[in-house]
Amino acid sequence: MPTSSVIYYVCRHFKPSTFKTSPYKSVTVVNIMKAQRRSVLWLTFTALLLAPIVSWSQLSSDLEEDWNGIWNANGTAFELGVHVADQQLTLEAIESLGFEWTSENGLVYDRQAVIEVKYEGVEAVVEITLIDSTHAVASLRSCLPEYMVVCVLAKPLQAHFTKVASR
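At the far end of the sequence shown sits residue 167, using UniProt numbering, and the numbering has no gaps.
Worth flagging that the hints you see were computed from the coordinates, not collected in a lab.
Note that the structure is predicted; figures quoted are calculated from it, not measured.
Wrong hints could be hidden among the right ones.
As the list claims (entries may be wrong) - Listed next, the in silico SDA-like pairs over lysine to any residue satisfying Cα-Cα at most 20 Å (straight line):
id, residue 1, residue 2
1, K163, Q88
2, K118, L144
3, K155, E127
4, K155, Q112
5, K163, T76
6, K118, P145
7, K163, D62
8, K118, E146
9, K118, E104
When you get a sec, could you build the whole thing from the sequences and use the hints?
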């Protein structure tokens with residue numbers, strides 16, 4: 001296609017005001033092509049950002065099934081009931097070994113969860129990673145006040161959990 005045909009087509013089908021050019025800059029084929037390239041890049045970037053959100057709705061029911069159930073801390077009688085719905089994690093003490101603790105609703109994203117737990121004046125943020133549908137690992141993200149013995153002892157440790165029953 002000759003250059004004059006391209007210029008005629010561009011001038012006929014594109015309005016210069018859409019490219020926000022300054023009065024000192026002329027609208028050229030190069031400027032229009034740059035603007036089109038930016039538009040295509042923006043659309044591609046937006047599509048890449050939205051793809052996980054769209055696919056999340058398809059994956060969420062499978063992941064909820066993986067999370068939901070009764071979990072046992074390996075090597076102990078400590079058991080938790082875990083319920084996940086709409087990216088919200090709820091814990092229930094089934095066998096707490098005499099420990100009295102409370103937890104807020106946590107947030108789940110894919111195979112990671114974060115939940116706040118309170119025990120004997122200590123506030124901890126626990127991060128849980130779902131390894132597969134029957135194994136998970138929990139570790140402390142933060143623990144306050146840091147001088148409490150519970151925080152000092154638990155900070156470097158991980159608790160490994162195994163799912164013993166589905167819900």
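Against the structure, the hints come out as follows:
1. For the suggested pair K163 and Q88, the alpha carbons sit about 19 Å apart, so the restraint of at most 20 Å is met.
2. A hinted pair counts as satisfied when its Cα atoms are at most 20 Å apart, and K118 with L144 qualifies at roughly 10 Å.
3. Taking the CA atoms of K155 and E127, the gap is about 12 Å. The hint holds against a cut of 20 Å.
4. This hinted pair checks out: K155 and Q112 have alpha carbons roughly 18 Å apart, not beyond 20 Å.
5. For the hint linking K163 to T76, the alpha-carbon distance of about 13 Å falls within 20 Å, and the restraint holds.
6. A C-alpha spacing of about 11 Å is found between K118 and P145, which places the hinted pair at or below 20 Å, so the restraint holds.
7. Between K163 and D62 the alpha-carbon distance is near 15 Å, which keeps this suggested pair within the 20 Å criterion.
8. Of the supplied pair hints, the one linking K118 and E146 holds, its CA atoms being roughly 14 Å apart against a limit of 20 Å.
9. Under the criterion of a C-alpha separation no larger than 20 Å, the hint pairing K118 with E104 is consistent with the structure, at around 9 Å.
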